[in-house]
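One-letter residues, chain by chain:
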Amino acid sequence: MTTSPTVENAAHSGRTARTDNWWASPLMVALGFLAFIIYATYRAFENNYYEVNQYLSPFYSPKLIFDWWHFSPALLILWVPAGFRATCYYYRKAYYRAYFLTPPACGVVGTQGSSYCGETKFPWVLQNLHRYFFYAAAIVLLILWYDAIISFKTPDGHFSVSLLSLVMVLNCVLLSGYTFGCHAYRHLCGGALNCFSSNEQAKTRFKVWQFVTRLNEHHMGWAWASLFSVGFTDFFVSQVARGNMGPIPFF
Amino acid sequence: MRKATLKVFRGDKNGGDYTKYEVPVEEGMVVLDAIHYIQAKDAPDLAVRWNCKAAKCGSCSAEVNGKPSLMCKTRMDRFEDGEEIQVQPVKTFPIIKDLVTDVSWNYEVNKKIKGFSPPQDDNEWIIYQEDIDRVQEFRKCIECFLCQDVCHVLRDHDRKDAFMGPRFLVRTAGLEMHPKDTANRMKYLKDEGHIGFCNITKCCSEVCPEDIHITDNAIIPLKERVVDEFYDPVAKIFKSIFGGKK
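Protein sequences appear in the order of chains A and B.
Here the first sequence is numbered in this note's numbering, starting from 1 and rising by one per residue.
Here the second sequence is numbered in this note's numbering, starting from 1 and rising by one per residue.
If you are wondering where the hints come from, they were derived from the structure by calculation, not from laboratory data.
Keep in mind it's a predicted model, so treat the numbers as computed, not measured.
Honestly, I wouldn't trust all of these hints.
Here are some chain A residues pointing at chain B (derived, C-beta under 8 Å) [as the list claims (entries may be wrong)]:
{"no.": "1", "residue": "Arg-97"}
{"no.": "2", "residue": "Ala-98"}
{"no.": "3", "residue": "Gln-112"}
Calculated lysine-lysine pairs in the BS3-like style (CA-CA distance at most 27 Å, straight line) [to be verified]:
{"no.": "4", "chain 1": "B", "residue 1": "Lys-187", "chain 2": "A", "residue 2": "Lys-93"}
{"no.": "5", "chain 1": "B", "residue 1": "Lys-13", "chain 2": "A", "residue 2": "Lys-207"}
{"no.": "6", "chain 1": "B", "residue 1": "Lys-190", "chain 2": "A", "residue 2": "Lys-121"}
{"no.": "7", "chain 1": "A", "residue 1": "Lys-203", "chain 2": "B", "residue 2": "Lys-140"}
Positions of the beta carbon are idealized from the N, C-alpha and C atoms, including for glycine.
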């Protein structure tokens with residue numbers, strides 16, 4: 001590239017000339033993530049109250065119990081959804097703005113300086129591994145669907161519908177909307193093609209790409225809704241496991 | 001009649017200051033109308049670049065109350081009564097005078113992108129609408145350079161020496177996704193255009209007056225194509241078996 005320096009001039013001084021509450025959105029995001037991280041970390045290390053009867057917390061699913069592992073089994077699995085969300089294009093936008101101030105909001109000076117190199121160097125270059133986390137997250141999601149479906153069957157073999165089972169299903173729906181609306185999947189399922197009409201396979205991939213694009217347009221909404229639902233599902237299971245409440249069966 | 005106060009930057013690269021002007025507000029008025037009123041009544045030497053006043057030429061880019069905007073698309077009735085309206089030149093490019101900046105750096109960047117490269121045969125082109133819809137979105141760009149202005153890589157980190165900016169990622173996406181294009185610009189994107197400098201904070205999409213989904217539809221798909229080529233060994237193996245450009 002050629003150079004054309006941005007000169008600090010009399011027309012632009014200070015952090016920003018914006019007069020709206022530009023700080024509100026990054027602040028809400030920072031607090032929202034912080035609350036979830038604190039709760040998820042506490043629950044992951046608690047290593048208790050994650051399973052009761054046919055209900056299993058999504059933080060501990062799949063339940064990986066090994067003799068050689070002396071810590072919480074959640075730690076063996078949570079790196080998958082954590083890595084998927086940490087490298088997600090929406091979350092990147094959110095935490096770069098909220099925590100790294102690059103930039104905190106549009107037209108607002110956060111960090112400055114020519115040493116900035118974005119996602120070209122370690123550790124940020126690892127963001128390019130997002131699609132591998134997608135593959136792993138899709139497998140975990142399948143297992144969560146299995147957990148949600150078997151939660152309709154009581155330990156003595158009867159079919160039962162409870163509020164907790166419905167919450168687990170809703171959680172899977174929201175996680176599916178988030179996972180399969182992912183930008184990496186949108187690329188893999190059809191976005192990588194330049195011609196959607198060249199053959200039957202391309203035409204099929206185009207249809208999938210169109211569906212994924214519709215999900216992707218609301219990726220932020222799916223991301224927040226599924227983050228909340230996964231935390232709430234775990235909370236519900238933990239409360240039932242502690243005996244503070246029941247799963248609220250309907251029949 | 002309601003009056004608005006505009007605080008307009010007056011100066012050049014050697015310095016300047018803000019001057020306040022009172023402007024009567026009429027129904028349907030935009031900030032560019034107010035600037036024209038100031039030119040006509042108070043300051044005939046006020047420099048402003050404009051052309052169509054219909055949000056199609058991309059000339060009247062400026063920053064209104066700190067937000068990169070087209071002056072011709074910023075309605076005066078969106079401001080509260082008594083609210084002072086600050087009008088600045090765009091920050092990212094060198095100022096020439098008042099609200100006019102030198103955006104020629106962009107044209108130099110543009111020249112470095114390999115142009116449309118159709119196949120060297122005489123076959124008739126049949127292009128279906130579904131194959132061209134994606135590219136047509138990118139053709140809406142009016143080159144107002146607001147995305148370049150708001151991009152923090154260029155604006156705050158001043159990496160014009162390395163980063164091509166969202167406008168030219170949009171142009172590259174339009175070429176790369178064209179069903180009849182045969183060139184491969186991935187190495188250029190990674191090593192010279194430095195697409196990795198973009199941390200997808202989406203300000204470019206927020207300010208685009210043509211509502212092009214710059215980040216979701218242009219930059220991220222290009223980033224994924226760069227991953228295919230340089231960071232994903234599995235995709236590389238697939239590509240070597242099934243062929244390159246699709």
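Verification of the hints:
The restraint placing Arg-97 of chain A at the interface with chain B holds, with a minimum CB-CB distance near 6 Å, inside the 8 Å limit. Interface restraint check: Ala-98 of chain A against chain B, minimum CB-CB distance 10 Å, threshold 8 Å, status violated. For Gln-112 of chain A, the interface hint holds, since its Cβ comes within 8 Å of a Cβ in chain B; the closest pair sits about 5 Å apart. A threshold of 27 Å between alpha carbons decides the hint, and for Lys-187 of chain B with Lys-93 of chain A the separation of about 25 Å falls inside it, so the pair holds.
For the proposed pair Lys-13 of chain B and Lys-207 of chain A, the alpha carbon gap of about 53 Å is over 27 Å, so the pair is violated. Proposed proximity of Lys-190 of chain B and Lys-121 of chain A is supported: the alpha carbons are some 12 Å apart, at most 27 Å. Taken as a hint, the Lys-203 of chain A and Lys-140 of chain B pair is honoured in the structure, with Cα atoms around 26 Å apart against an allowance of 27 Å.
In summary, the structure is inconsistent with hints 2, 5 from the numbered list given earlier, while agreeing with the others.
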